[in-house]
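I would like the entire structure built from these sequences, with the hints used as guidance.
Protein chains: 2
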Amino acid sequence: MDINIIYIVDPVKGSAYSRNGLDIEEILKIISRKGNLEGHPDYKDVDSYEAICDVEVDVIVEVTPTNLVDGEPGYSHIKRALYEGKHVITTNKGPIALYYKELTRLADQKGLYLGFEGTVMSGTPLIKILRYGLLQDIERLRGILNGTTNFILTKMGEGYSFETALKEAQELGYAESDPTMDIDGYDLVAKAAILVNVITDDAVKPKDIFRMSLREYLNNRGYEGNLKYLVDLDFNNNIFAVIPKPLERTSSLVSVKGVNNGVEIETKSLGKSFIIGPGAGREETGYAILTDLKELITWAYS
Amino acid sequence: MDINIIYIVDPVKGSAYSRNGLDIEEILKIISRKGNLEGHPDYKDVDSYEAICDVEVDVIVEVTPTNLVDGEPGYSHIKRALYEGKHVITTNKGPIALYYKELTRLADQKGLYLGFEGTVMSGTPLIKILRYGLLQDIERLRGILNGTTNFILTKMGEGYSFETALKEAQELGYAESDPTMDIDGYDLVAKAAILVNVITDDAVKPKDIFRMSLREYLNNRGYEGNLKYLVDLDFNNNIFAVIPKPLERTSSLVSVKGVNNGVEIETKSLGKSFIIGPGAGREETGYAILTDLKELITWAYS
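In order, the protein sequences belong to chains A and B. The first sequence runs contiguously to residue 302 in our numbering. The second sequence runs contiguously to residue 302 in our numbering.
It is worth saying that the hints were derived from the structure and are not from the lab. Misleading hints may appear alongside valid ones.
If several chains are the same, the list does not tell them apart, and a pair holds so long as it fits within one copy or across any two.
Claimed, not checked - Below, a list of computed lysine to aspartate or glutamate pairs in the EDC-like style, where the Cα atoms sit at most 16 Å apart:
#1 Lys268 with Glu283
#2 Lys155 with Glu25
#3 Lys272 with Glu283
Everything numeric in this text was worked out from a predicted model, so none of it was measured.
Next up, the structure:
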């Protein structure tokens, strides 16, 4: 893949621009040494929309933080990029969970690529499997798709208390200081909405997914063996839920431990199949972006 | 998908032809009742090459039996179809294991699709994951890819003898009356060659894969806990093998029981991911053909 990165737009660490392509290794070195790009010869105070609208740019990689209220600023970035005729790759769950149908329709109309492998299971290619590997006969999908809560539940299975396990997750950098996105299920609800939308090509919103907080469940009922915080999507009855539930001992999902993720997909003709792999991490999410780029290059430029 | 099947070529059960499209449900009914198509209004004594060379045909689905000596008749069917400008979908391991590079190059040169999802793990989308879902940084792949031997080893784990387990596999229709393809590893060697070729885009032959017979291993060493008949592909050292080996208890592959298949893929940036699902079966193999058709239609006709 011959890729030229000509813009980096980051309001915190500083932005950079070079028509001939930025030297990424050098920039990463400076960032890790100084924390920001000021003083670098390619440093430039550019705005997102300057990069998005530049006619020299073919692909926008949108990696702003997830916002599940209105999807901003990612939603406007992606929409504008597609209107400007740019392919888009994103790892931002907000715009895809909230505006899947609008954004995929817009990309289709414009003949553009919209990749979002990194929104669920990071680089483990679940989205590509759902889009290209399986037919539209999925009856049920159950998934362990939040690494932080799976880490906590794995630790609780080893005898730790919820509070101790959460603290360890925070110390290891898995859980945020305010862990409500993870342990109350908001992250899972966004991922559930993305998966329902990909599978049904419909416009389900996160608020349409039934959500039971893991924290509340544990407060009320306590831990029991093989308890997992599951995304459970029943396409026969159109019941979509995020719920804590003990797994059957024989399920391959039992082997999904710690920060790993896994899904069980049941199709009408194929029965059950499983995809298990990393669900988060910087390198793993970068991997997702690169597989989307590979797909885009294979299909759009061949 | 709007598909018109205009030829069926089967020298045993009889062939059929209809320019306007064959009525597949009716044909399947007649076959299950009478065993062959003679007397059906669309019955016609056609030759494979008549169908392959017909200008009205866009896609050839090649499902003749696997032959690991010279790949015939599948190899000549596929080659001729590509020369005639037809897309090809096959579930026949022989031509892909023996002539991967030649056939994929020919398809590329002609701008044609060559799908072979059904050659490994039937409908479980392993080939598509390797082709589109992952980058070229695979360091190791370990797989349980032969349902018959995995069924036998699962039964042996429950206390059955090899002979009893093999007999049950034969009674259930998993193992052939001459089971050497399965229990001596020839089926696995073909699948290993296909996977190495897909991953490295190279021309490895089945004879380049180290093969240890499961039957001989059991005769010499007997069964031990978590013994699996593994395809083990080490891309760092270019050592490719089919060998019986006990699994670590913690591996997600331990949950792959009975006729199921599973692979563990280790990439440089992503670590380990797992794909587990059905590995054989009529409907499952048909599913593979349909996912290839879906992929072909999505990309070639969009």
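Comparing the hints with the structure gives:
1. Lys268 with Glu283: between (35 Å within a copy, 10 Å between copies)
2. Lys155 with Glu25: neither (37 Å within a copy, 54 Å between copies)
3. Lys272 with Glu283: between (29 Å within a copy, 13 Å between copies)
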